[in-house]
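In this note's numbering, the protein residues as written are 1101 to 1985.
To be clear, the hints were calculated from the coordinates, so they are not data collected in a lab.
Every residue gets a Cβ at the ideal spot worked out from N, C-alpha and C, and that includes glycine.
There's no promise every hint is true.
Stated by the list, open to error - Subject to a maximum C-alpha distance of 25 angstroms in a straight line, what follows is the list of computed DMTMM-like cross-link-like pairs (lysine to aspartate or glutamate):
{"no.": "1", "residue 1": "Lys1454", "residue 2": "Asp1619"}
{"no.": "2", "residue 1": "Lys1645", "residue 2": "Asp1627"}
{"no.": "3", "residue 1": "Lys1422", "residue 2": "Asp1383"}
{"no.": "4", "residue 1": "Lys1375", "residue 2": "Asp1430"}
Claimed, not checked - Quick list of simulated restraints, FRET-style, between CB atoms:
{"no.": "5", "residue 1": "Thr1497", "residue 2": "Ser1466", "range": "28 to 36 angstroms"}
{"no.": "6", "residue 1": "Gln1772", "residue 2": "Arg1564", "range": "21 to 29 angstroms"}
{"no.": "7", "residue 1": "Thr1484", "residue 2": "Arg1564", "range": "38 to 46 angstroms"}
{"no.": "8", "residue 1": "Glu1853", "residue 2": "Gly1824", "range": "33 to 41 angstroms"}
{"no.": "9", "residue 1": "Gln1503", "residue 2": "Val1382", "range": "21 to 29 angstroms"}
{"no.": "10", "residue 1": "Val1374", "residue 2": "Arg1338", "range": "34 to 42 angstroms"}
{"no.": "11", "residue 1": "Gly1574", "residue 2": "Gln1503", "range": "42 to 50 angstroms"}
{"no.": "12", "residue 1": "Thr1497", "residue 2": "Asn1638", "range": "32 to 40 angstroms"}
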Amino acid sequence: MPAGGAIVVVEVVQVVVPGAVAKPPGSKEEAAASTGMKSGLARLVRRTGGAERPTSAWSVAGGRVLWARAAIPLPATQIPMGGGWLDNGGTQIRHGAAPRPGGGGRRAAHWRVHDRGGGEPVEAEDEWRFARVTWRLTVRLNGVATFIGIAGLSVAAMVLVVLFARYFTGHTTDSDGSVQFVKRHTSVKSAIFGSIKILTVAVTIVVVAVPEGLPLAVTLTLAYSMRKMMADKALVRRLSACETMGSATTICSDKTGTLTLNQMTVMQSIVGEVKLQPPANVDKLSSTVASLLLEGIAQNTSGSVFEAQDGSVEVTGSPTEKAILSWGLDLRMKFAEERSRSSIIHVSPFNSEKKRAGVAVVARDSNVHVHWKGAAEIVLALCTSWLNVDGSTHEMTPDKANQLKKLIEDMAEQSLRCIAFAYRNLDMKDVPSEEQRINWQLPDNELTLIGIIGMKDPCRPEVRDAVELCKKAGVKVRMVTGDNLKTAKAIALECGILDDSEASAQAIIEGRVFRAYDDTERENVADKISVMARSSPNDKLLLVKALKKIGHVVAVTGDGTNDAPALHEADIGLSMGIQGTEVAKESSDIIILDDNFSSVVKVVRWGRSVYANIQKFIQFQLTVNVAALVINVVAAVSSGNVPLNAVQLLWVNLIMDTLGALALATEPPTDQLMRRPPVGRREPLVTNIMWRNLFIQAVFQVAVLLTLNFRGRDLLHLTHDTLGHSSKVKNTLIFNTFVLCQVFNEVNSRKPEELNIFSGVSRNHLFLAVVSITVVMQVIIIEFLGKFTSTVRLNWKLWLVSVVIAFLSWPLAFVGKFIPVPRTELKDLIVRCWPKRKDLTFSSSLFFWLGIGTVARVQHNRLRMTEWKYQCEAVLEQLLEIIRC
1101 MPAGGAIVVV EVVQVVVPGA VAKPPGSKEE AAASTGMKSG LARLVRRTGG
1151 AERPTSAWSV AGGRVLWARA AIPLPATQIP MGGGWLDNGG TQIRHGAAPR
1201 PGGGGRRAAH WRVHDRGGGE PVEAEDEWRF ARVTWRLTVR LNGVATFIGI
1251 AGLSVAAMVL VVLFARYFTG HTTDSDGSVQ FVKRHTSVKS AIFGSIKILT
1301 VAVTIVVVAV PEGLPLAVTL TLAYSMRKMM ADKALVRRLS ACETMGSATT
1351 ICSDKTGTLT LNQMTVMQSI VGEVKLQPPA NVDKLSSTVA SLLLEGIAQN
1401 TSGSVFEAQD GSVEVTGSPT EKAILSWGLD LRMKFAEERS RSSIIHVSPF
1451 NSEKKRAGVA VVARDSNVHV HWKGAAEIVL ALCTSWLNVD GSTHEMTPDK
1501 ANQLKKLIED MAEQSLRCIA FAYRNLDMKD VPSEEQRINW QLPDNELTLI
1551 GIIGMKDPCR PEVRDAVELC KKAGVKVRMV TGDNLKTAKA IALECGILDD
1601 SEASAQAIIE GRVFRAYDDT ERENVADKIS VMARSSPNDK LLLVKALKKI
1651 GHVVAVTGDG TNDAPALHEA DIGLSMGIQG TEVAKESSDI IILDDNFSSV
1701 VKVVRWGRSV YANIQKFIQF QLTVNVAALV INVVAAVSSG NVPLNAVQLL
1751 WVNLIMDTLG ALALATEPPT DQLMRRPPVG RREPLVTNIM WRNLFIQAVF
1801 QVAVLLTLNF RGRDLLHLTH DTLGHSSKVK NTLIFNTFVL CQVFNEVNSR
1851 KPEELNIFSG VSRNHLFLAV VSITVVMQVI IIEFLGKFTS TVRLNWKLWL
1901 VSVVIAFLSW PLAFVGKFIP VPRTELKDLI VRCWPKRKDL TFSSSLFFWL
1951 GIGTVARVQH NRLRMTEWKY QCEAVLEQLL EIIRC
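Model the full assembly from the supplied sequences, consistent with the hints where possible.
If you want it as structure tokens, here you go:
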């Protein structure tokens, strides 16, 4: 009893301590992410020199005047002074609006800058927070764990009844052959001790059956994967995203910065009828054209240029703004001087809906110019005239417009992003007063085209290989971009998203066309789309919804504030760590720290590894469970004694749970994972391949160990020993063989589908350490802890017998992998053979082996998808999978 009590204490400690001591996976990373999100940078503008220095918005001193980028959260006491929209968690106000009553001069709120300007107030954008819904894998695991526990409890109850019946009817004997209970002769004390022994066996069966190692395996897998994903430039914010990413069937990716290098350079420029060679050949421009062009570049921008005293120049802003400003510098633009020649009276910021930005400036001579820049074909459609290089203005005839459209298409086919510059004069009398200017819509009609530029943002060198890897893995990559159709097609071909055979009208679509479809039409065309051009964030959201409705597991990348709804709607939201706004990061599941698409593919790889490692552990654990339970049940029912006692089973439980989880949960991802299709939404956790492997190993172990149990004395030539000693030797051999079988099967479980089970084992040092520790501990238990575990020492011949029997699991596993398995799920195969009643729809069958089960049928289409009912359904779905043996 003292030995049994000690091992029980050790077992309880090893189960409880890891979960109690360890922090939840990712808690440190989550804290770091939260800290990083509160360090959003606002651009502080100094009065002297106009230099812009990045400063934490949460540490700005009172009285400072600052510029804030869109989607940067601002502290409570900061007051907006002009330019866009802000909101404080749902309520938006326009810069310059009067403070609300009771707010005094400052308002204690959390403001967030939006990139919307002018026009009517827009709908408030809430901070998306993920509801704490139940993770699909957790539901599946709960189903597996629940049924195993119920099955173990049922078997334990049956064993308890059988053992009590045999004990009190005099059908159990001691090791010396004497009957344990004789009516009217056995003392009460002996009967109590006999009953306690029986209860111990039953409770031990329950302890072994309950899969308390499953949560530990999941915890270890996630913790290991999250740490490794950080090294691969991916920060996981929501744990379930690890597994879900492994099930992704499609990735809707942005172009700029994700598929491309995000390094814009002006490659071509056209002014009037002249194509400038090089693009910054200012000598061909008249002073009038150069002045208007440089004024538009310097004033109509969200970037800036800082010239240091040593002559160095620092250009800040988005990649597009930096490219335009750098081109302006090549045109001999003096940024500070150009800014001082005129003053801005109103701004219409760029957004993804209108694809253009505008600014109204008044010069020193009181002339008002309204400058526009944006997508070339959109700005061109607003122009009624064009400016030639000599400063002359000409009417925009249909022929000239078609000529310019052809030039834009030619540049787009070279994967150039085309930006047009236009302006118009405005009488000062047409400019609203300062009080009325707050709602002024800048006029964008009757514009005069100044010029068109083509900017190149080359694809990342590694993107093509990453896209090809996704295709092999059954994951379709779709590009969603704001560029025009020609540019998007050229870049998609360059990145490998499209090939020549796929570059059809069905694979490429514009956002406005997709937006015009109804829900049914969107669902019909969504699966064919590879590229969506001229799209808005709302178009991306519509695409995500359509893909989900037709069964896809959708991953979405986004970096803008307006991408938040799509990131929230997707199964996995991936925000960009460099270019991404704080709102996008808060709405995402995973942050890609280097904004690189290849890192997204690595996340897919790790997601599949998480799922695969959990499956490996489940296969290993179920094999141990089935073998241990069947051996003890059959032995108990037939002879009244069990070959594996409580202490031995608890040691097996330690191997199965803690050590097994450590060994199998830390398997690194392999290339094989990216050669198989994604895991479907309804695919069972225990697959037919796992059932095949489990069945082979469990049947082998049960057959061999039961043979040793019933015929061991004769087979091992132990008949000359006393009955008590020979029984101890036999039971020790059974225990030793059983443990070594688990050690060898642990190696099998590393590669459930591959023939070479040793592939990569030398690189997994933790696995080798766990296996070595298990073997060493087993030798110590057998040779030195006999009193503790009720075992005896084995000679070298019996050790050899144990090793040879355990070794046979390797060739058996190798041969077994040539046995084909049906693609149809085991549940569905049984359903097809099950007699159906007209009034019920068969969803899952519940029955327990050995004739003690019951059958239940559930009408699936009446289940409401609430959390508890979904868990119940998951249990039902797993029952047939668990009961194969």
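How the hints compare with the structure:
1. Lys1454 with Asp1619: Distance of about 24 angstroms is within 25 angstroms: holds.
2. Lys1645 with Asp1627: Since the Cα atoms of Lys1645 and Asp1627 sit roughly 12 angstroms apart, the hinted pair holds (cutoff 25 angstroms).
3. Lys1422 with Asp1383: 23 angstroms, holds
4. Lys1375 with Asp1430: 16 angstroms, holds
5. Thr1497 with Ser1466: 28 to 36 angstroms: 33 angstroms, holds
6. Gln1772 with Arg1564: 21 to 29 angstroms: 22 angstroms, holds
7. Thr1484 with Arg1564: 38 to 46 angstroms: 43 angstroms Cβ-Cβ, so the 38 to 46 angstroms window holds.
8. Glu1853 with Gly1824: 33 to 41 angstroms: At roughly 47 angstroms between Cβ atoms, Gly1824 and Glu1853 fall outside 33 to 41 angstroms, so the hint is violated.
9. Gln1503 with Val1382: 21 to 29 angstroms: 23 angstroms, holds
10. Val1374 with Arg1338: 34 to 42 angstroms: 54 angstroms, violated
11. Gly1574 with Gln1503: 42 to 50 angstroms: Given a distance of about 46 angstroms, which is inside 42 to 50 angstroms, the answer is holds.
12. Thr1497 with Asn1638: 32 to 40 angstroms: 35 angstroms, holds
Comparing the model with each numbered hint stated earlier shows that hints 8 and 10 do not hold.
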